[in-house]
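Fit chain H to the supplied structure of chain U, relying on the hints for placement.
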Amino acid sequence: SQKIEQNSEALNIQEGKTATLTCNYTNYSPAYLQWYRQDPGRGPVFLLLIRENEKEKRKERLKVTFDTTLKQSLFHITASQPADSATYLCAPDSSYKLIFGSGTRLLVRP
Amino acid sequence: DGGITQSPKYLFRKEGQNVTLSCEQNLNHDAMYWYRQDPGQGLRLIYYSQIVNDFQKGDIAEGYSVSREKKESFPLTVTSAQKNPTAFYLCASSIARNTGELFFGEGSRLTVL
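Listed in order, the protein sequences are those of chains U and H.
Residue numbering for the first sequence follows this note's numbering, starting at 448 and increasing by one per position.
Residue numbering for the second sequence follows this note's numbering, starting at 2 and increasing by one per position.
Treat the hints as calculated values from the structure; they're not laboratory data.
One thing to keep in mind: the hints can contain errors.
Lysine-lysine pairs mimicking BS3-like chemistry, simulated, CA-CA at most 30 Å apart [said to hold, decoys possible]: (1) U/Lys464 <-> U/Lys510; (2) U/Lys544 <-> U/Lys502; (3) U/Lys450 <-> H/Lys58; (4) H/Lys84 <-> U/Lys544; (5) H/Lys58 <-> H/Lys84; (6) H/Lys58 <-> U/Lys518; (7) U/Lys464 <-> U/Lys506; (8) U/Lys518 <-> U/Lys506; (9) U/Lys504 <-> U/Lys544; (10) U/Lys544 <-> U/Lys506; (11) H/Lys58 <-> H/Lys15; (12) H/Lys58 <-> U/Lys544; (13) H/Lys72 <-> U/Lys544; (14) H/Lys71 <-> U/Lys544; (15) U/Lys504 <-> U/Lys450; (16) U/Lys544 <-> H/Lys10; (17) U/Lys518 <-> U/Lys504; (18) H/Lys10 <-> H/Lys58; (19) U/Lys450 <-> U/Lys510; (20) U/Lys510 <-> U/Lys544; (21) U/Lys464 <-> U/Lys544; (22) U/Lys464 <-> U/Lys504; (23) U/Lys450 <-> H/Lys84; (24) U/Lys518 <-> U/Lys450.
Extracted from the complex, chain U is given alone in its bound form:
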């Protein structure tokens, strides 16, 4: 069955460092993959979409890579800030729907 894996352990980093979150998927080949940010008790907010023919996508301090051979996406936040603390969800598409990972919680220490 289709499966999404994100690190369930929280990532704890110092302000100013680069955070790197990993998303692995198995048993299918998505045409695109999305990343969302979710704060506690709130709905997810869209951040970036990367297509299968794109290796890398950037938006301000955010960078996403998509390796269809490894079946993996990496999400980077450079110059991280305490305000970046949240849970980040990856969502590769699967025909008619997005399949969401359980998310990785990022904690940025001042």
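Coordinates of chain H only, in the frame set by chain U:
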């Protein structure tokens, strides 16, 4: 401001009762979705609708029902047949099915007493 409005934010239900969660959008989106989120788990798709008067079951539709009588509205009813309804429910919309980003509401937290 355009967006998605879910209500109520918090809801308590006794076992055996049906409850309806409201979802309204003013983004003029064709597609709407209902997801369920449990602690430590990803979002799971309950139902989705691509157009008015049409909707499809997602992965966990049992015990739930929906309607799409208006483009703007996609209410979800959690019936007494749903064995474990306590969860965080999220409504979302997109311009059309499978065309990019989802816009989410703020969620409704249902607790069964």
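Hint check:
Between the alpha carbons of U/Lys464 and U/Lys510 the distance comes to roughly 14 Å, so the proposed pair stays at or under 30 Å and holds. Taking the CA atoms of U/Lys544 and U/Lys502, the gap is near 22 Å; set against the 30 Å cutoff, the hint holds. Proximity of U/Lys450 to H/Lys58 is assessed by CA-CA distance (about 19 Å); at most 30 Å being required, the pair is judged to hold. For a cut-off of 30 Å, the pair hint linking H/Lys84 to U/Lys544 stands: about 24 Å separates their Cα positions.
For the hint linking H/Lys58 to H/Lys84, the alpha-carbon distance of about 17 Å falls within 30 Å, and the restraint holds. Our distance criterion of 30 Å between C-alpha atoms is met by H/Lys58 and U/Lys518, whose separation comes to about 27 Å. Pair hint U/Lys464 plus U/Lys506 holds up; C-alpha atoms about 17 Å apart against a cutoff of 30 Å. Only pairs whose Cα atoms come within 30 Å are accepted, and U/Lys518 paired with U/Lys506 is accepted, the gap being roughly 22 Å.
The straight-line distance between the Cα atoms of U/Lys504 and U/Lys544 is roughly 22 Å, inside the 30 Å bound, and the hint therefore holds. For the proposed pair U/Lys544 and U/Lys506, the alpha carbon gap of about 24 Å is at most 30 Å, so the pair holds. This hinted pair checks out: H/Lys58 and H/Lys15 have alpha carbons roughly 25 Å apart, not beyond 30 Å. The hinted pair formed by H/Lys58 and U/Lys544 meets the criterion: a straight-line CA distance of about 11 Å does not exceed 30 Å.
Distance hint between H/Lys72 and U/Lys544 is fulfilled; the C-alpha atoms sit about 19 Å from each other, no more than 30 Å. With a C-alpha separation of about 22 Å, the suggested pair H/Lys71 and U/Lys544 falls inside the 30 Å cut-off, and the hint holds. Taken as a hint, the U/Lys504 and U/Lys450 pair is honoured in the structure, with Cα atoms around 23 Å apart against an allowance of 30 Å. Pair hint U/Lys544 plus H/Lys10 holds up; C-alpha atoms about 25 Å apart against a cutoff of 30 Å.
Of the pairs offered as hints, the one joining U/Lys518 and U/Lys504 holds, with about 16 Å between alpha carbons and a cut-off of 30 Å not exceeded. A distance of roughly 24 Å separates the Cα atoms of H/Lys10 and H/Lys58; the hinted pair therefore holds under the 30 Å criterion. Between U/Lys450 and U/Lys510 the CA atoms are separated by roughly 23 Å; this keeps the pair inside 30 Å, and the hint holds. Note on U/Lys510 and U/Lys544: the hinted pairing holds, with a Cα-Cα distance of about 24 Å set against a maximum of 30 Å.
With a C-alpha separation of about 34 Å, the suggested pairing of U/Lys464 with U/Lys544 is violated against the 30 Å cut-off. With a CA separation close to 20 Å, the supplied pair U/Lys464 and U/Lys504 stays within the 30 Å bound. For the proposed pair U/Lys450 and H/Lys84, the alpha carbon gap of about 24 Å is at most 30 Å, so the pair holds. The suggested pairing of U/Lys518 with U/Lys450 holds, with an alpha-carbon distance near 11 Å, which does not exceed 30 Å.
Hint check: a violation occurs at hint 21 only; the rest are consistent with the structure.
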